[in-house]
Structures are given as structure tokens and as C-alpha cells.
Amino acid sequence: MCTVSYLYRTETRPKNAVELLGAVAVNVNAWLPVDPLRFCIAHAECKLAILDAERADRLQPTIAQLSQETGIARVLVITLTAQEQKQTWRDMELFDSAMRNFVPVANSPIPEIEIQPEDNAVIMFTSGTTGFPKGVLSTQRQFLSNVFNTVVGNRRAALRRGEDLCPPPTTGPQKGALVAVPLFHVTGLTSYSMMSTMLGYKIILMRKWIPEEGNDKVPSRLIKAENVGVAGGVPAMVQDLMDSSLRGHPLEGLFFGGSPAPDVLVANARQVFPKTSLSQGYGLTETNSIAVAIAGEDYARRPTSTGIACPINDMIVMDGDTLAPPGTVGEIWLRGANVMKGYWRDPEATSKVLTSDGWLRTGDIGVMDEEGFLYVKDRAKDIIIRGGENIASIAVENALYLDSRVMEAAAVGVPDQRLGELVAVVVSIKPSFRGTVTEASLIEGARKTLPSFAVPVMIVVLDEPFGMLLIATLLFGIGLTVAISELTPSGKIMKAPLRKIARRHWEERRLARAAQQANL
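Residue numbering for the sequence shown follows this note's numbering, starting at 70 and increasing by one per position.
Just so you know, the hints here were simulated from the structure itself, not pulled from any lab data. No experiment lies behind these values; they were computed from the predicted model shown. For glycine and all other residues, C-beta sits at the position ideal for the given N, C-alpha and C. Check before you lean on any hint, since a few could be wrong.
[Said to hold, decoys possible] Computed cross-link-like contacts, DSBU-like style, restricted to lysine-lysine with a CA-CA straight-line distance of at most 35 Å:
#1 K499 x K271
#2 K271 x K286
#3 K277 x K116
#4 K277 x K499
#5 K286 x K344
#6 K421 x K569
#7 K277 x K410
#8 K286 x K155
#9 K344 x K244
#10 K244 x K499
[What the hints assert, rightly or not] Quick list of the computed label-pair ranges, beta carbon to beta carbon:
#11 A565 x M267: 30 to 38 Å
#12 L149 x V287: 13 to 21 Å
#13 V174 x V103: 33 to 41 Å
#14 V103 x L149: 15 to 23 Å
#15 T157 x V103: 18 to 26 Å
#16 G389 x F502: 41 to 49 Å
#17 G456 x G140: 51 to 59 Å
#18 A336 x L268: 24 to 32 Å
#19 A587 x R370: 53 to 61 Å
#20 V103 x A565: 16 to 24 Å
#21 E513 x P484: 20 to 28 Å
#22 D312 x E513: 23 to 31 Å
#23 I381 x L89: 19 to 27 Å
#24 L89 x T157: 26 to 34 Å
Could you build the full structure based on these sequences and the hints that come with them?
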């Protein structure tokens, strides 16, 4: 199997050509530090690496050693600006130069590749909330099947309104889809880009999400100028669109994905965009994006649900090895044509999540009602257990999101000798309220909606967004300041560093209390 790794900005997309050649496209997170980047390339056993200039700069010091260790035959660099085209990199070639200098072998035409549905197609890496990312290998069938799931929720809603399942093509300017999430993750690649290609939409790419500030109105300017009909992303992006100058703009679809949307966000979005179809999807890298979907009136009536299984998927909720009855909490299992083949070069990890009859153990905790609607409660590892009481971090976070001053919230457990764990929350505050929000006021607000055992004992209030937070590394025992991203590439809150922050604050408070008692 020939694998091709590419690490580049989202403006360039050699991936589709790679798959048409019958090779395996390896999507690598371009934001990773050097060591995980090297790991992904080496782990995938790539024969060709395609980089952009920024990644070439970062890998330059070690690319020769990496090529020697892994057997990479060529490293090509895509340049997008005149300045980049003047640069040179050791042991790498410019992509444009390689294309110009290519000389076909006489009387040896390029063979026509016959690609079969079960041929290996793509490796997508998991977000890596723990350890190095795992490579998710999918076949052509598994990867392509999911594109149909991206439209199921809205088509189901249209049928229930008595509309055509396949409406006639619209006249006038071509519709667009705003894609502001990375293409090295299934949300950007499948949920947006593949869907847009299937529907005939043009794809408007944003290299990174830029919320409106002052006169800089990038998202709304692009949406209006490019006739964007579909937009969305993780809940924070949807909130930014709601807070922008787009209020009342006739978007056709607004999609929530990447992480569960707070209850209040869905209701508020309906007020800001009353004529827009709202939809939510649930899936994993291992399912090539969406496996469960909800939209329209169903979503309005069940704003806390992620929907029903898509037509190509089966879904069950398991209590251990026993099928959980409706209304009972358990682990979500999924099966279908879009479920991965396995983790590349990791049969042990594959056997832990894939059963012999094709079920994927997601590791997510949820409840399915009598009508088949799924309610995702938490990641199994994010359950906070306080004195035997299981507390879903999402429930705690939703209570904090009811406060309009809160921008982001992450509930985590902090250690307690008597109860095992107590609930703590790290929050970031919206810019207009920074410096005015107290821990006491947030706890008092949470107390109004949460059971007593789930009320946070501590809330760490931050005045910076999780994704760009500057954290004093006293956490690590040194007096420097470093930048740490608290978001995975998919936009999900990565709780590991936030959990460390909460536990450091909790320990400092414990020591302060102990010192105070010693002085009494």
C-alpha cells in the first residue's frame, strides 16, 4: 500500500488526486508540534509527503533523518506566494518544479487504475486527547458512504413539511458553503467539503476562524459576498455568527457539530435566524463523521438530542454487554458502511473498539428514547464520580452556559479524600464582561439548576479564550509563560490541560486552608 502524507493549509487540496491514483491519502494535523508530526508521518509509512512552506520550515531540521528512517521517497513543498516560491529547503522539492520537470517514460503510458470499493482510501488521525493520535484507516466505500449522512437530517425535516425530497436546482448565483474547520478532520472534510461537492456548492475556505471584532467582519462579509447558504461549526463558531451583523440573514442551513451544543444556544439561534434550518450531527473520526443526525422541527422539539441513526447506520446503547432498554444510560455503539476498517498498525486498539460483528464501541455515554432519538450525556472518561454519584460534565457545563457572560466552560473532577472527586469548572468570559465576573456569582447561578451534589465547589475564571490562553507554567514548576491550546483540531475542548489548571488551583487552596488552620 502506497501512502501519501500531506500537511498543508486548507487552501490546497491534493488529497482527491491521491485517492484517484489508488494510493492512500494520509491527513495529518498541520497544527501539531514537530514530534507528533513526525510520529504521524512515520506511523503511516508514507512514501510521499506534501507540505506547505510553514510545515517545511518546521520539519526542515529533521526531514533527512525522517526520510531515512521511514523510507519516504520524496518530499514536495507547495508554495502559494511569490516570497515562498523563492525559498529553498534541503532534501525537499518544490511541487511546481517537480510537475514541470516530470518526463514521462517513452512508450509507457500511465496505467489506468481500477479502484474497488473495499480498497484502502484514507487515514485520518484522531484528535489525540490522550497520547499520540491514532490513525483511522477507511476504505473507499467507508469514506464515501458518509457523505449521504450529511444531508439526511435536513431531508427528513423537508419530507415532514411536505416538501420535495430532491428539490429542483435553484437558479441564480451558485450557492456556497463556508468551511472554517480544518480539512484534516472529518467535520471539515466530510461534513462540509464532501457534502458541498455532492450538492454542487462552491466551497469558501477560511484558513482560521476569525470572529467579528470592530470593523473586521470577516465571516459575515464572506457569507454575503459569496452567497453562502450553509455555515456553522463547533458551538463557539455558531455563537460568533449569532453575535455578528448577520442577525436575520437568510441562511439556508446552520450546522452544529464537533461538540454538544448548550441547550440555550439552540433556542437562541432559532431567534437570531428564524428562517434557517438548524441541524446537529453526532459522529466520530472512526465513523468518518456523522452517524446520527437531527434537524428542523425534530431539533426544535428536542434541542438536547443529537438525533436518530442515519439510514446507513445502526445504533444501540449498551449497559456493559447487555442491551440497555430505552431511557437507560449506557455506552453508544454504532455499526454501518461508514465505520472504519481499523486503526492503522494497531490491532490491539482496534480489537478494543470493534466487535467481531462490526459494532464500534464509541466510548460515549448516552440515552436512547422510545422513538430512537439519542441524547449524548458524556464521554465515559469525563464522568465525574462524587461519592458514588455519576455527574455528567455536560450537565454542569450547560448550567454555566445559562449565564450569558460565559464564553466557554469545562467541568472536571478534582480529588477529595472523602468523596473521591468533587466538581470543578474552568470558564472563559466573553470580552465585554472580562474583569467583572466573580466565582461566587457563577456558583450561585449554577446552584439554581443543578442538584446539590453537582454544584461546583470551585470555578476558575479565565479572561482569555481556551484556544489562545497564556498559562504561567508554575503548573510545571518553572517561572516561564507558554501558549497552550485547550482545543483539539476539531474544535472540541481538550480537558487534559484544563484539568491540570483546576487541580493546581484546588491544591493551592487546600494548602492555604491547611496553613490557615495551623496558625489558629
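To see whether the hints hold, each was checked on the structure:
At most 35 Å may separate the alpha-carbon atoms for a hinted pair to count; K499 and K271 meet this at roughly 33 Å. The suggested pairing of K271 with K286 holds, with an alpha-carbon distance near 21 Å, which does not exceed 35 Å. About 29 Å separates the Cα atoms of K277 and K116, which keeps this hinted pair within 35 Å; it holds. About 20 Å separates the Cα atoms of K277 and K499, which keeps this hinted pair within 35 Å; it holds.
Note on K286 and K344: the hinted pairing holds, with a Cα-Cα distance of about 22 Å set against a maximum of 35 Å. For the hint pairing K421 with K569, the CA-to-CA distance comes to about 28 Å; that is within 35 Å, so the pair holds. This hinted pair checks out: K277 and K410 have alpha carbons roughly 31 Å apart, not beyond 35 Å. With a CA separation close to 33 Å, the supplied pair K286 and K155 stays within the 35 Å bound.
A threshold of 35 Å between alpha carbons decides the hint, and for K344 with K244 the separation of about 17 Å falls inside it, so the pair holds. Distance check on the hinted pair: K244 and K499 sit about 33 Å apart at the alpha-carbon level, within 35 Å; holds. The given range of 30 to 38 Å is respected by A565 and M267, whose C-beta atoms sit roughly 36 Å from each other. With their beta carbons about 19 Å apart, L149 and V287 fall inside the hinted range of 13 to 21 Å.
Checked against the hint of 33 to 41 Å, the pair V174 and V103 passes, with Cβ atoms roughly 37 Å apart. Distance hint check: the CB atoms of V103 and L149 are about 22 Å apart, consistent with the given range 15 to 23 Å. A C-beta distance of roughly 20 Å is found between T157 and V103, which places it inside the suggested range of 18 to 26 Å. Between G389 and F502 the beta carbons are some 44 Å apart, a value that agrees with the proposed interval 41 to 49 Å.
Distance hint for G456 and G140: a CB-CB separation of about 54 Å, consistent with the stated range 51 to 59 Å. Checking the proposed 24 to 32 Å range against A336 and L268 shows it holds: the Cβ atoms sit about 28 Å from each other. Look at A587 against R370: about 57 Å separates their beta carbons, and that is inside 53 to 61 Å. Taking 16 to 24 Å as the suggested C-beta distance range, the pair V103 and A565 conforms, at roughly 20 Å.
Take E513 and P484: their Cβ atoms lie about 24 Å apart, and the range 20 to 28 Å holds. Under the hint 23 to 31 Å, the C-beta atoms of D312 and E513, about 25 Å apart, fit the expected range. The hinted range of 19 to 27 Å is satisfied by I381 and L89, whose Cβ atoms lie roughly 23 Å apart. One distance hint, 26 to 34 Å for the beta-carbon pair L89 and T157, holds here, with the actual separation near 30 Å.
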